[in-house]
Amino acid sequence: MDKKVEIVICSGTLCYLMGGADLQLLFEHLPADLKDRVSIKGSPCLGLCDLPENGKPPFVLINGRSVSQASIQTLIDEIQSELGL
Amino acid sequence: MAVNNNAMLIRRELITHIARLLIEDKLVDKIDRIPLVMRPRNNPSVRCCIHKDRAVLKYKLMGMLGFNIQDEVDELTPLSEYARQAINRKGATDVVLTVIDEACSSCRKSSYAVTNFCRGCVARPCMVNCPKNAITFSEGRAKIDYDLCVNCGKCMNVCPFNAIVYMPVPCEEACPVGAISKNENGVEQIDFSKCIFCGKCLAACPFGAIVEKSNLVDIFRNKREGKKLVALIAPAIAGQFGVDLARIINSFKLIGFDYVYEVAHGAEVTTRFEAKELEERLNQGDKFMTTSCCPAYTSLVEKHIKELMPYVSHTKTPLYYTAEDVHEKHPDACIVFVSPCPAKRWEVFHNPYVDYALSFEEYGAWLVAAKIDLNNIEPAILDDIPAAEMRGFAASGGVTKAVKALADGLVINEMLVNGIDRSTIRQLKTLVKSSNNNFIEVMTCEGGCIGGCNVVSNPKVALKQLNEAINSASSITQKIS
Chain C
1 MDKKVEIVIC SGTLCYLMGG ADLQLLFEHL PADLKDRVSI KGSPCLGLCD
51 LPENGKPPFV LINGRSVSQA SIQTLIDEIQ SELGL
Chain L
1 MAVNNNAMLI RRELITHIAR LLIEDKLVDK IDRIPLVMRP RNNPSVRCCI
51 HKDRAVLKYK LMGMLGFNIQ DEVDELTPLS EYARQAINRK GATDVVLTVI
101 DEACSSCRKS SYAVTNFCRG CVARPCMVNC PKNAITFSEG RAKIDYDLCV
151 NCGKCMNVCP FNAIVYMPVP CEEACPVGAI SKNENGVEQI DFSKCIFCGK
201 CLAACPFGAI VEKSNLVDIF RNKREGKKLV ALIAPAIAGQ FGVDLARIIN
251 SFKLIGFDYV YEVAHGAEVT TRFEAKELEE RLNQGDKFMT TSCCPAYTSL
301 VEKHIKELMP YVSHTKTPLY YTAEDVHEKH PDACIVFVSP CPAKRWEVFH
351 NPYVDYALSF EEYGAWLVAA KIDLNNIEPA ILDDIPAAEM RGFAASGGVT
401 KAVKALADGL VINEMLVNGI DRSTIRQLKT LVKSSNNNFI EVMTCEGGCI
451 GGCNVVSNPK VALKQLNEAI NSASSITQKI S
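Protein sequences, first through last, are from chains C and L.
Letter by letter, the first sequence follows residues 1 to 85 in my numbering.
Letter by letter, the second sequence follows residues 1 to 481 in my numbering.
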């Protein structure tokens, strides 16, 4: 099996308030073929909100790369492109 | 609402700005800058231009300072002036929702419209089936005569090309009681003789034109005047921020509250009275009793389903009993209810023991402004944990479960009304004649208070987290024995 896509969802209070709460449902919304190809973790504040150039919350790390204004749909797209699908 | 949309995010961003300035004690000096900071020059605008975007943000802030937008006398009055008045005011009104006429896009009156997909077919079922002869054909396409149309929708249903669409007015569609409608300028207005403060319009408006008035400024004023701050937290808060309840409780101390009480304690009093009342009523020959803890529901009955009034429990809400007790302990403190919805804000205004409401969103914004990450703080040590069933009041079915646990030997055959819309209201209207149940639990929001319009978490996620808080407490039956 290939390496899994590593997803770290920021659960800091700012991210949580600005839409990150909904990202807790990411796994449920993943298409069946992606479910066993990702590992999803939560994290306390990743510190990305400190710098305006990082964009707006909620933040997620996909294989270490930060994604701003993350939503379930943008994350699914990002995972697919990370897997080359 | 937990559902992600920009209007909601803008609201939370604005509240965070206000909270930050209140913490820095610079509200009057800097509030006029917020619209400029959020919509800087040379950035794309959402509305027609950046100036309109800023104007709408200004009015949202005016509402969040606790003013009715309709009370504006001079358009040139700066936010700093409103902030000054807010900091010095003594009271507020019970009007908790206000409409920004600048932001209301005056959606077209809800109607059916023919789109470009119309092929001008030979069959023309739209024309044939229209009961009012409102459809004619010109230039190869169907046309609706709006003077004749009665909005029945038959044309839409029969069109083989799906070429006819229904265009709703989202706030009017969401309001279960017909309390919001257009004035002569096409702008929405709330009729407060009908409004039950459920907040469904607030969540539904795609332009964010409806604002919930905030008491954040008033809470900070009381703190600054040296009053002790007491937070009464609604059971639904347990599901909101992805951390355990003990951390949430501790966070209130960190942002400046002196005492924190779970409203679940008052829920125990509510449950005891309600179980006893149900037994008495059934013995008296009443067919059923309904709950009374959701203020949007009790307003609904008072304003729209009067025939149901005799069946609503006289027991007061968990907030009432908690506040009564806390007021006795801290008679000079400023008592703040931390709330899932505008209906509770309305209840707070009418409660003699509670001073202000702080919504879950406002609490979250306050944490962000105070740079507190709930994940990184210590949990509070809880010495007085309410019974599991009482924490369960936050979810649909929870009140029933609690009453069942305390109604010894009484056969309770319940009906759960899980969320109110127009069709459930029609159903409630027939209850007096046709109820087969003896206990009716009514929650205005789907899922119960964890589905309230000020919640942060998706109700599904919230329910899991709430269940953890419930499972960490002991059952009321164990507590008694």
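Simulated from the structure, these hints should not be mistaken for lab results.
Because the structure is a prediction, the values reported are computed rather than measured.
Note that the Cβ used here is the ideal one computed from N, Cα and C, for glycine as well.
Careful, some of the hints might be misleading.
Residues of chain C clear of chain L, computed beta-carbon distances all greater than 10 Å [stated by the list, open to error]: (1) T13; (2) L30; (3) K35; (4) R37; (5) I62; (6) S81.
Coverage of chain L stretches by chain C, computed from C-beta distances (three or more under 8 Å per stretch; other residues unrestricted) [said to hold, decoys possible]: (7) 58-67; (8) 454-461.
Below, a list of computed lysine-lysine pairs in the DSS-like style, where the Cα atoms sit at most 25 Å apart [what the hints assert, rightly or not]: (9) K371/L to K41/C; (10) K371/L to K56/C; (11) K41/C to K460/L; (12) K464/L to K41/C; (13) K194/L to K228/L; (14) K35/C to K464/L; (15) K56/C to K30/L; (16) K90/L to K56/C.
May I ask which of the numbered hints given earlier this structure violates, with the numbers listed in increasing order?
-> When the structure is compared with the hints, numbers 1, 7, 13 and 16 turn out to be violated.
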